[in-house]
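For the record, the sequence lines run as chains F, C, Y and E.
Going by my numbering, the letters in the first sequence line up with residues 1 to 420, in that order.
Going by my numbering, the letters in the second sequence line up with residues 1 to 420, in that order.
Going by my numbering, the letters in the third sequence line up with residues 1 to 420, in that order.
Going by my numbering, the letters in the fourth sequence line up with residues 1 to 420, in that order.
Warning: the hint list may mix true and false statements.
One copy or two, it doesn't matter: identical chains are merged, so the pair holds either way.
[To be verified] With a Cα cut of at most 25 angstroms, we get these calculated DSS-like pairs of lysine-lysine:
| id | residue 1 | residue 2 |
| --- | --- | --- |
| 1 | 210 | 302 |
| 2 | 302 | 375 |
| 3 | 375 | 216 |
| 4 | 407 | 375 |
| 5 | 318 | 67 |
| 6 | 168 | 209 |
| 7 | 125 | 63 |
| 8 | 63 | 264 |
| 9 | 205 | 302 |
| 10 | 375 | 256 |
| 11 | 277 | 407 |
| 12 | 169 | 264 |
| 13 | 226 | 375 |
| 14 | 169 | 63 |
| 15 | 70 | 256 |
Simulated from the structure, these hints should not be mistaken for lab results.
Number of protein chains: 4
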Amino acid sequence: MQTVGTLGNEVIISRFQSIRSQTETICKPLLTEDYVVQPIADVSPPKWHLGHTSWFFETMILKRFYKGYKIFDPAFNYIFNSYYESIGDRLLRTDRGNLSRPSVHQVFEYREYVNRHINELLTGKLDLETLTFLEIGLQHEQQHQELLITDIKYILGHNPLFPVYAAKKKQDTGFISADIHFLEIPEGVYEVGFNNGGFYFDNEKPVHKKYIQKFKVMDRLITNRKYLQFMNEGGYRNFSFWLSDGWEAIQSQGWKAPFYWMEKDGVWHEYTLSGLKKVNPDEPVTHISFYEAEAFANWSGKRLLTEFEWEVAVNFLKPEIRKGNFIESGNFHPVPSSGNNRQFFGDVWEWTYSAYHPYPGYRRAEGPLGEYNGKFMIGQLVLRGGSCATPVSHFRTTYRNFFQPDKRWQFTGIRLAENY
Amino acid sequence: MQTVGTLGNEVIISRFQSIRSQTETICKPLLTEDYVVQPIADVSPPKWHLGHTSWFFETMILKRFYKGYKIFDPAFNYIFNSYYESIGDRLLRTDRGNLSRPSVHQVFEYREYVNRHINELLTGKLDLETLTFLEIGLQHEQQHQELLITDIKYILGHNPLFPVYAAKKKQDTGFISADIHFLEIPEGVYEVGFNNGGFYFDNEKPVHKKYIQKFKVMDRLITNRKYLQFMNEGGYRNFSFWLSDGWEAIQSQGWKAPFYWMEKDGVWHEYTLSGLKKVNPDEPVTHISFYEAEAFANWSGKRLLTEFEWEVAVNFLKPEIRKGNFIESGNFHPVPSSGNNRQFFGDVWEWTYSAYHPYPGYRRAEGPLGEYNGKFMIGQLVLRGGSCATPVSHFRTTYRNFFQPDKRWQFTGIRLAENY
Amino acid sequence: MQTVGTLGNEVIISRFQSIRSQTETICKPLLTEDYVVQPIADVSPPKWHLGHTSWFFETMILKRFYKGYKIFDPAFNYIFNSYYESIGDRLLRTDRGNLSRPSVHQVFEYREYVNRHINELLTGKLDLETLTFLEIGLQHEQQHQELLITDIKYILGHNPLFPVYAAKKKQDTGFISADIHFLEIPEGVYEVGFNNGGFYFDNEKPVHKKYIQKFKVMDRLITNRKYLQFMNEGGYRNFSFWLSDGWEAIQSQGWKAPFYWMEKDGVWHEYTLSGLKKVNPDEPVTHISFYEAEAFANWSGKRLLTEFEWEVAVNFLKPEIRKGNFIESGNFHPVPSSGNNRQFFGDVWEWTYSAYHPYPGYRRAEGPLGEYNGKFMIGQLVLRGGSCATPVSHFRTTYRNFFQPDKRWQFTGIRLAENY
Amino acid sequence: MQTVGTLGNEVIISRFQSIRSQTETICKPLLTEDYVVQPIADVSPPKWHLGHTSWFFETMILKRFYKGYKIFDPAFNYIFNSYYESIGDRLLRTDRGNLSRPSVHQVFEYREYVNRHINELLTGKLDLETLTFLEIGLQHEQQHQELLITDIKYILGHNPLFPVYAAKKKQDTGFISADIHFLEIPEGVYEVGFNNGGFYFDNEKPVHKKYIQKFKVMDRLITNRKYLQFMNEGGYRNFSFWLSDGWEAIQSQGWKAPFYWMEKDGVWHEYTLSGLKKVNPDEPVTHISFYEAEAFANWSGKRLLTEFEWEVAVNFLKPEIRKGNFIESGNFHPVPSSGNNRQFFGDVWEWTYSAYHPYPGYRRAEGPLGEYNGKFMIGQLVLRGGSCATPVSHFRTTYRNFFQPDKRWQFTGIRLAENY
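Chain F extracted, bound-state conformation (with noise of 0.2 angstroms):
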């Protein structure tokens, strides 16, 4: 389904272990008890995440290229296959946390032996679809890691100790937040979708046209004092600035501020993975459904973006993407803006009025791949931008991510455009 471009092996096996072992990296901070737990069934045990990945590789390159493979344990294609229908019966989703067994040591186990087949299959002659299967499974391994870090958010920001995953850095001190400004794109005929070169998921194919109105948009994230403004303004509990779907979720599950807010004595509070801070007024809203974010939008007298809108804006821009706040800065929440981040990247998805709908002409690839995108394509809005969770090497600027509109564990936020 993508395409792989002609790299040495040299650079696949140092690109392969740099980032299997990135999502060990990423774990070191769990006790063993934290990685076992599915507080909602959104939110996979870690070990889960360790376990799946490396079955991917398993089933998808080892079993297929591998001579002689020998499967680690037939058990647990049953235990670590996530939805493939085309690969057998699998573990019920909201069963993943009642599993105590196999421990985290035995997954460690899983994940060695793979990566040393994986290894081995490396250092011979390797065709086309071996490198391109390899690709995937590196690119799977990358967006489970930022799932890695939302899913423990929730385990220890759903904990009443609160415990802190890692030391908050320093590095906001300084940071300005600065007037925000309308940047101007004119109407015309773009093209949207992945036409460079390097790997691409089928979703942001193929390449087709648009024809957009002109708009203006804003060079800044909604902040939390502007989402301040908008809670005491009554925004919970005017109906008129939500949709009908939006309106009885916030009554039916008492939504009242973001996600992980909570007031402690009248002020404010959010879990974040340093622990339960004050609420940052310069720091980009994030963990907000696509309904707020719309609602939102209604009382702001403004509009979310379309997901073409974004990327076309994005194009007019010289896309410094390497400068946003992902997962490498290691702050593992979004940081104010400072005077010349635009904040297009990392820090937060942002919510699009886009369904995530196929591109004209795309069409899903025969067998397990064509389970990995094309399946999802109804009920969910597409997010753009990267946030402070996801790694930079994994992020493009035609990447579509997509959820849908009630969710609010992962690091979501808004910007906002208009016509002119």
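For this one, chain F is given, so just place chains C, Y and E on it according to the hints.
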């Protein structure tokens, strides 16, 4: 939210009387008991439709524009408000079928009372605002005429006695299911959205430009014959055709055929408003969910249209809407295609693969009319073309109907496209 | 399962006609619409009661004992079978209110058809088995008369228009709520269970011995006055009075008063079959769950009776059952105690703290009658004494009514005991 | 609520240490991961049991009787309070398995801390109240020892890897499944309830008289052989054996065999704490619900005992409780009956057809102890006899265990009686 023409009062009076009495004509075949029940939340009791449409005229027009108007019964606001948060508390939707009172007789008295006062209002000079609301009330009434037909079908079709609503018309003898041809639509930037005179809903606006890739579209709807082939070739058993949510829906609901179909002694029958009958292979398939439509398209190696492709394609034809099989034909069921009817209008609403989202520049109106369309713009898909239960005078080529992807009780169907 | 006296045919004919027509009398005040709805699973539509009781005679008697009997409509077995696994598939209980057909008119035709054939059967010589089933059919009909009253009350009492079923009788003026006295019951081995002539249900047998510790029992039911005191003193807010399941029920259901009570401008009102009225402090409290009765007892420092204590206590009195406030009195509501009425009979069913379990030596009958009582002997509590909705000729001192501890729509109430 | 003997401090210290360390011995075979999960609401994570029993000592004894006691961690009250409304807010029961912290290590530190302080307290002079609460704490600890065994079994037995908890002991060779005999119990007025010295729970009091009809009782438990016959003869398919609620349970749950049974290649296996093994026909059947026990009894043409019949029957024997198969035997599973073991004690808890209701004259204690037993006296059935997971020193012939009729994860079994 919508303009209204400059019709003389007489025209309006006549239009008001004819549309209001049409609603009652639809209910003529019912027994008192049929007016009361609500077998699922989606299906409202006919007496509720009768009351709610009257409440709409009372609330939106009489209370505001008829000086000295005396409300028929203050309790009715609670009972007959559908979903207007701005107009106070209301009965839970699921409780509509739990109310034996007001009686059918009282509801008809309520209609008469409202009609009498509207007629009185219509004898005077009417300003544009009143006329606009009157027109909305009539359009609203027509929407409920379609819902009355589909809800009555649900009520009678889920009764083990399978009562007949209207005897079948003889007209479909002589019809010939013609060969399918593909119409070729060239690429280009097209204008979509409402830009004629007359009534429109706010969701059809603003007119805006869309870039459309070239494509080919079938000049026929998918028939029962073709759908039976899909079923017989394992369509409902092969997950690779299905969206993930669709596959889950057919497992959990046990769907194996269109709604209203049942197998008797090895022969597929379907409940129609003329009673239970053998499935006619030449009729367009109907009462299928978006999930089924999309899976069928995958099985066919083709795809659904977007709502914009549909609108553009139709503009290439000479829209002869009035020839479509609408409610006025009295079939209450889709009919086989004859030689020169491309079935774009009437028969069945065609599922598109377009999310029901706002057009660029759309803004919700203030007040209750802002709740009419805008707040539903999430989680639903657009359907185009009208059905055998739609009043023809209610339909336009820019009309956007919308439902969640799992709904099956409307007259929904399939048209396919492919790239070229 | 129960013996039957040796009555002449005429007596039986007259009894049959009178009981069957009594059911129709109960339905007289209803509009057609009232016959149809089922607001909760426990409450059946009145037309279903009318059909089901006819179905019982058709199935248990006509099909078996009337030679050449032609079934009225074969589809009715599916519709009107309540819970008899031995008599084939049946409609889901929760779907009874979804059926607009058969119409009320058809159901009455069905009744007439069944009545005519039973009357024909009664002109011939009847064997004991037929007579036994006839008697069961009549007792069954009387049980549904009580359910009709309570179900009609639910249907009308949950309608925002609060329709009146029957105008209030003037009779309760002049009643005096007498002082409470305690009757002392000595310890001993007593016989309990049915051992007179006449009809009984199998659950009242076998007669057997019980050792009863000495106790004292109130000669009055608990009044609204006393229950209001419980409410005002925080009865619903102090968990220490409550069984764990009860506490959970009042939390999750939001119960703060008896069923049918509502506060209007600071004054407690209750819906009665004569309409909404102020709570009369002298009337026995009714429409309370077992949980509430038991919590009230704890608050009082007293306790509920067991079913055996109730039966033994009553045997010490001269049971003057006919003086009780049963359905024949036309009150359709409990009335204040007069000087010499100890209220053991009629007014309200008294919750006992006895599980509805089989008496020693009880065995279920074979066939459908074995499903009548025996299969419900788990998870329910026994109620004794009859209510204002019970036909007096249906009642006996050994009668065991039974409901789950959270049910509130029957006329249920409280009598207390204490040890001495 | 219960008296306590006049034991010297040394005896108490030794008893405290031995029972507390026994709990830890039970957990020895666990991996850290096994301590954390909660696959269903009924099953608590082992680390929760360890924390909760320590919390009980801390809350009921140290906080009240140890002057200057410093609470280990104030957050633990929220986490380890099970159901005591009187001791403040608490974690939702269903969230116990969502907490990775406190870690297992911390929970053991908590135990040590509490143990150390209790030991300090035990060196001083103790008044009767302190001693009473200490004894309750130890009895409570023993109850959780049984729950630990059954919850560990659930956790391991629902893991697709079926881990072994303890290797099977060889002891059951040589056992002979003896013929069943019936013991005849004469009618009469008997005393039931606790009236020896030593510890008792308040629900075993007051001693009171019961009239018992004569009956015969099996001197053996029902074996797997007999239960397989029930299964093979359609026991789970014939509604006539079942209570209505039981029939509904087996339909909705899909039960076709005891819990932990699974068919592999046509042979019935069951998970035991020694791993998955073939069903041994000579062992007592276990892990069945009351519904199944009662249906089995009906199929047999016999019946279950009441709790009073059980107690009276046992008093006719020379209770040799210590010979029973309790937890100390190390089997963790019921064993076949040998020639002279009537299996009244240990092996499996025997379902009785007696509701768990208060004995005559019972009153709940004030304060938290009042929540220990009394508030659960509804909706549950009494089980008698102890099981292979019960500490023998915790058991008495008057002991009343209680569970809802659908529970299957405890070691529950069947003994039958009949009238004569």
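Okay, which hints does this one fail, numbers in order? 5, 6, 8, 14, 15
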